[in-house]
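One-letter residues, chain by chain:
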Amino acid sequence: MGTIHLFRKPQRSFFGKLLEEFRLVAADRRSWKILLFGSINLICTGFLLMWCSSTNSIALTAYTYLTIFDLFSLITCLISYWVMMKKPSPVYSFGFERLEVLAVFASTVLAQLGALFILKESAERFLEQPEIHTGRLLVGTFVALSFNLFTMLSIRNKPFTYVSEAVLGSILQHHISRKSRNLCGIIPGLSSIFLPRMNPFVLIDLAGAFALCITYLLIEINNYFAIDTASAVAIALMTFGTMYPMSVYSGKVLLQTTPPHVIGQLDKLIREVSTLDGVLEVRNEHFWTLGFGSLAGSVHVRIRRDANEQMVLAHVTNRLYTLVSTLTVQIFKDDWVRPALLSGPVAANVLNFSDHHIIPMPFLKHADDVAPVTSTPAKPSSPPPEFSFNTPGKNANPVLLLNTQTRPYGLGLNHGHTQYSNMLNQGLGVPGIGATQGFRTGFTNLPHRYGNNNRIGQPRP
Amino acid sequence: MTRQLTKWTVDNRLKFQLSLQLPVDNAAGLTKYIVLLCFTKILKAVGLFESYDLLKVVHIVQFIFILKLGTAFFMVLFQKPFSSGKTITKDQWIKIFKHAVAGCIISLLWFFGLTLCGPLRTLLLFEHSDIVVISLLSVLFTSSGGGPAKTRGAAFFIIAVICLLLFDNDDLMAKMAEHPEGHHDSALTHMLYTAIAFLGVADHKGGVLLLVLALCCKVGFHTASRKLSIDMGGAKRLQALSQLVSVLLLCPWVIVLSVTTESKVESWFSLIMPFITVIFFVMILDFYVDSICLVKIEVSKYACYGSFPIFISALLFGNFWTHPITDQLRAINKPAHEESTEHVLSGGVVVSAVFFILSANILSSPSKRGQKGTFIGYSPEGTPLYNFMGDAFQHSSQSIPRFIKESLKQILEESDSRQIFYFLCLNLLFTFVELFYGVLTNSLGLISDGFHMLFDCSALVMGLFAALMSRWKATRIFSYGYGRIEILSGFINGLFLIVIAFFVFMESVARLIDPPELDTNMLTCILIFNVLILLIGVFLHVLADTLGSIGVIVSTVLIEQFGWFIADPLCSLFIAVLIFLSVIPLIKDACQVLLLRLPQEHEKELHTALEKVTGILKDAGINNLTIQVEKEAYFQHMSGLSTGFHDVLAMTKQMESMKYCKDDTYIM
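Protein chains in written order, with the UniProt record's numbering: chain A, 1 to 461; chain B, 1 to 668.
Chain B extracted, bound-state conformation (with noise of 0.2 Å):
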């Protein structure tokens, strides 16, 4: 038993290593436990699918106890729990029994999630790695995320659980979601409908957003559980009696509920192979190779090996379960192949499904420190030390409400950049009136004209932001401060200028060519959009946007009036050329700061003190004024230093050549 208790140390001080990210040398024989587990996720997306197929004729609380005995009963057998290791105390048992009651409810939600949403997409949301949700976490809601990639891993699956829930059109769900008050099994499954219900989303979507919850809940659970594990000797004695706890926890209701509900199952018999499949390949099978392959490969690794499998699985059997090929592989046998339309694979989620694998792993790998530091040397010791320099850590120490709130502050502090912030919010305001109306009328001309505005809002975001950043202080960097990057900004407004001058031009022309026939009514909203524009354009000196509405204006009037549809893009080639002339200026200047030129404003002035200072020489009585830099002294140090001699040559001969070593006096 002592032997088995340090065995668990071990193991759980080799998990904190790799939880460390300490490179450990297991190159050798890693390929046959990456093909196991691979296998074994393979198997677990085979399990699951079955099992959904099992919740169509098994009530849900059911199909758990169900599953709990069975994993209860071999995990029993294998670990002899109650044989082996040390005596359980009462406290043990409570917390046990806090174990099994909160796996109980994740599992609860898992497999209800199942119901929802289908095996496919329970996979993709379920099967993530504690370490990828401990990540996405961190990146989520610390501001120490771990770097740029992980922060892009992070937005990949966000936008992944969104293609979920926006892209995805599960038909049969949603028409499921018309009763959701209909047959319901038990009381538990109608509270959760009427929840999901109440927060108005499609049932499937409800699903999607359970699952998320469930993910994070299992995550909790299994680091919470952790230290327990290390009381009770080890996870899989833990587990075995939890199981069984669980087992006992979820009698009573099970004999209610047999009671209460008459049960759709035609004959128990048949779905024994099934729940065994079930039991071995989605709860033993995998909790073994599991906590085998934690051991033996990185937990990085182990992060990706494993989810990659499971969800190209998941997305195979997803498109081919209903077909004849499968047959062999499902246990339930349909008698006849009745087309499926549930949980069909769908655009969404396929894309939501790379999205989930490509963030899966970028936010597994462990995240490099040591890229931004500059090496030092060497520690006593022998490891390498850096030095972390960058602004990046000096910023990222802010969390991102209150960045926000500071910046809003200092944007309304000066008035300009106030002005661009009113402007902005307008300008966004409108563009989400007019998006919104669109989507509601179906008009879409007027969304493709709410984008157009939201490609315009992007330069006024840049310009915001480049004021607020000119006023931060200097850094090491930065060491002349911030200053430049409002011209910096300027520059790059002012590239974008031209290019919407120049697709502008060319749509124009192409136009000039052609003349689309325009929709007489909704110009009648774009004039008065535009007087509006105009107005505040006038009202805030933006020269871009007022000249575009006087165009627009102009054009609309004539089209209205006498049909002229020519109109259009003559005004809008004007527009371009105009806006065109207006910025060249503007990079000029730019241009000129950002190459160290002289100042224009200053050439003059700078000239004359310059005479000046050649007036006062020449009084002085040095006529021929040449420009020399250093004294004797200085070449006899600097040709006296070893390094750079060559130069110091060159410099004296340049020297000679000028005469004007005479004495002490050597005017620069």
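Looking at chain A on its own, in the form it has when it is part of the complex (with noise of 0.2 Å):
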């Protein structure tokens, strides 16, 4: 509990760390199977690419490049097993539950790239349409076709199947299920088993296979080579289209947006609780997915000065934690701070009521950043740089103290040279607007959390 390890530098090699945490991953049972699945992958890529340069054939190198993005995708789930294993450290103070996001991203968009180069390759062979030797075509196609269809159903890949309900569906699903929904409407016995949707990895195999079947019917019967690179035009779009939403939905998280189907309820939340007595105002709320499907997020509530800051805390994150599960709160009670005591450099507010024991942060600004005192601090139009972000996270809130007058303490704050405190200002949590004094932190969590005592603040966005 006692010294707070931030910042140990690394012992042992990069290589060294990666052999510890894939020992760690390889001692779950689950992850034999995906590491044996990823063994066969590679040898299938092999066997793949070396067909694709002896048919010389674009069609099956664009239908390759699936089989590498599997490759990608077990590499993924794999990430994400690591990821249930990891305890949030000091430096990714967040948690390592974004990793599986950002595998998401990077490997859905490396295989926009691959197809990207497909389409690039395919219109130099448009100019030039090369011989295609049928030979291993259909062989690879099927060999390529089982494992991909083997892979995919036998594999619980959780966050490729997350990403894949959530997006609203590739344009190819929305075709499928148009058309279908269509013939349903004519035949109505078929609905059982169209109408679920189908996992767009498994559609795009399939819609792959078939087309490089025609290639090989088309180009065995009339040796018209064109067909090949048109497959492999229309297996890279098929690409685009199934991978395009869900980079944009991981992208999304990765950004740090709101997801907009929970728009509607935090508003009634934040309704909810600007409505509470004593709460004046919520402001500069934030509100970001921060894996998938976790929600991370962060409020300013300011409040009246005779409140009860505890309670509008207790009320405030009982709230709102039934949605947001990483919540930081930070209640500012600024009434009590009059203008005329801010022309004093420091000290001069500190007060104290009664019954709270408040310690006001002393005035760490430099006269030329404070803003103009109000009681009501203007909300920034543009987000400047976050304090809310700035806050100190989950252990560095110097919430409560009692007996401050022993020791003006901000005095042994306010020393450091200009940049020093400039940091503090950010790092730390006193807000950059002047008048915020007295603020509580309160956050609530998932409960194994409360453990963890060794966290720093968030990074900034």
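Simulated from the structure, these hints should not be mistaken for laboratory data.
Every residue, glycine too, gets a C-beta built ideally from N, C-alpha and C.
Each statement offered as a hint is correct.
Pairs of lysine-lysine, DSS-like flavour, derived with a Cα cap of 25 Å:
no.: 1; chain 1: A; residue 1: K87; chain 2: B; residue 2: K588
no.: 2; chain 1: A; residue 1: K17; chain 2: B; residue 2: K604
no.: 3; chain 1: B; residue 1: K604; chain 2: A; residue 2: K87
Chain A side only, calculated, beta carbon under 7 Å to chain B, not exhaustive:
no.: 4; residue: V91
no.: 5; residue: F94
no.: 6; residue: A123
no.: 7; residue: L254
no.: 8; residue: T257
Make the complex out of the two chains shown on their own, each in a separate frame, by following the hints.
In structure tokens, the structure reads:
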């Protein structure tokens, strides 16, 4: 509990660390299966690449890239297992959940880049169509298809399943579902087969294999080589259509956006919070998805001078944490600072209330930084460097101290050079807006996180 | 007569309802209308193929005259426009006259397009229902097109037209284009031909453009005549009268024509049957079935089911029309089956037909606006209420040219994005010069190099776009602003570079094993080009390009001077490794930011600051620093609130484990 081990230098080499983490993951039996599939995938991809160069078919190459994408998705699955085991570290104070998102994003983007490359290649081939040998084309197709389907259906890939269910549906899925709905309108009996949404990866695998079969047939019958390029373009476009919504979804998580479907609920909660007894306003509310499905948020609550901040805090957290699992609430009580008091540099604004023990943080801003003091600090129209982010994180909140008069430690904080005090300003949660003095920070969290005392504030956005 | 009027108002109300896409329960008995519609459309295709054959011997104005005459005859017979309905005022006659003139012009354009492009292409271009064209136009010219699906449909449509324009090698027509001033039957056709020749396109391409124009005119015409048809007491009556008027209009022209020019027709008697089929299939049957189906079937479904059979049958007839199988269908029997080469099926036509079918499908489907909204609750009437949220709505209100103008202004405001922009422009310029020169000299190497450069430019475009977006104001969804987009685009760019490095690596390994001969003439050209890129790269500090240029220069010099063909793959190998190594830190940084890591440059300072805090606390007499959250009051309230009681219990247990509840001093 005592010392905060914040910035331990890494002792081991990069590969040593990697090996250790790998051992951690390999301890789980489920990951063995993934590792097995991964190794089969590598072999399979190697063979497929060989056949690609021997048949000179770009459509098969495009299909092979889907196999490579499978490899990425396996890696993502492995990462998600690792993430589940890993506790948040002081440097990654939000935990490693986002690594999963990043992996999904990276693999979908890589698949799209591969598709882009295929498009470029096929544009070149459009000008000069080389001859295609059909020898291994069908074999390669079926090897890749069976392997892909086997992987997709036998491994429960949590992150990708989540994303593919969360996105509104790829273009391919849209078309298939609309067609099947039309078909079901004519022949009602088919609805049980077609109406459930198909897994997009299975769909694209099947569609790609179909395109390759057509390619094979046309080349065999007519020697119509251009169909190879055409089906490569088709596969690439389908890849785009499937991957693009997923990368947009995961990219939005990475961009710290509020998911649109919770905005209504959040609005409702914020309205409820702002009507609580003692709450004057709720501002600077930020909510974003941390990983897949877990919401994080920070909120500033300004309360009346005679309100019981603990009570407000309890109510606010109680309302919000049903939706937001990682929540930071910052409570301001600024009415008791009279503007006249602020003219003095420090110390003068230390006030005590009978039943609250509040240490107003000393005024650390330099004169030119000080915002015009009002009882309600103006909400910045465009977010400046958000201090809500720089609020002390889970542990660094020096919330309550009794007995303030004994030592004006504010001076101690203030003696540093400019950069240091600025740093403190941003890093330690003394709000940049001058008038906000006493603050409380409460946070609710998943219960197990309460023991984590060595966590430091969030990194800046 | 009043009954008919009410029926028509009811019909029109229904139509408006349908165009508003209100759900109409019409599942029962739908199938028979669909079958009827499909059958009619196939017959229409037959009729148009027939009329193409007819137009080879009959002059176009005469043809239209006969068509209108026949239609007017039948419709007057069926509808009895004079004996039924309200009497027509003088104003209305003038309107009917205008209607007839517009109808004549459109049919003239249509059939002239038919003679130019052949029946297959005419069917593909012209047989789109109004809703398809209207939603296409609304996507193109208004910003609220109706979502990405519609945009996709519009893109498909445009691709299809472009396919017909560019990739359709209609050989016969190209031959005809050589003598556009040749024997033309009348001043009108001559005028149109010269107009097309003036545009500088081949005849069938001119026909494509003409048909697109005619399609737009047709839709406008239908929309404009809707009100008139209500005034007249129904579209059928209007149609009958308008056909009659147009017959009278065309009459003098046809008389003059038949006097001045000699006819190519051998016997008009043999043409009676074909004309009757055309009149029935193209004009009458189509019109009546359309008006029935529009009432019974939803507009969107009508457009979908109507366009599909006509395109498919057009494709089939296009392939088999000159084939002996279809002899029974053809009314004009040719003496011998000469192998026809005109307006044959080509790859471009098939591709464009596929795209037309797709786009008709997408554009005609009703737009579902409810998908993006969040469900709030129910209105007092019981209809669901949705909350439309999202940035797409905010940004979609701009029109495209204004958006481009504004973003250009923004780009040029700041120096870094300005540099990227200039570099991009230069790169694109080079690319197009290269592509153009490659096409001119028919050099495949140059063209493929141009594609390479285009590929590389995409990264620049993305970076530019990210730089632009990062300055957008924060919204509800992007509550921290768009600043992270730049980081994300940096990450994607890093991945992009890795992919490029990987491909270059693979390629150079393949070349190391089997070094190909290079064309030294082109190398000099590339050398000069790369020196330019190098200079720009140095100027703009674009590392990867600079390195690449250096490598290319070195390898070119080596090959030119010493004939070491191995130098090229070696150099590219080196470049690939260099790119890869230079990208890794970039990706690592971006990853760390995206994973919400504590910023590395602040680590030290934060550490010292925290230590200061602990020092102060130690001075204050608190030694064992623990992080503790809340006060007793908080817990009381928390446990008082019913929800989440178990969590509170867990918290309380933890609190007990910390022995710091002596007084009110809690240190976090």
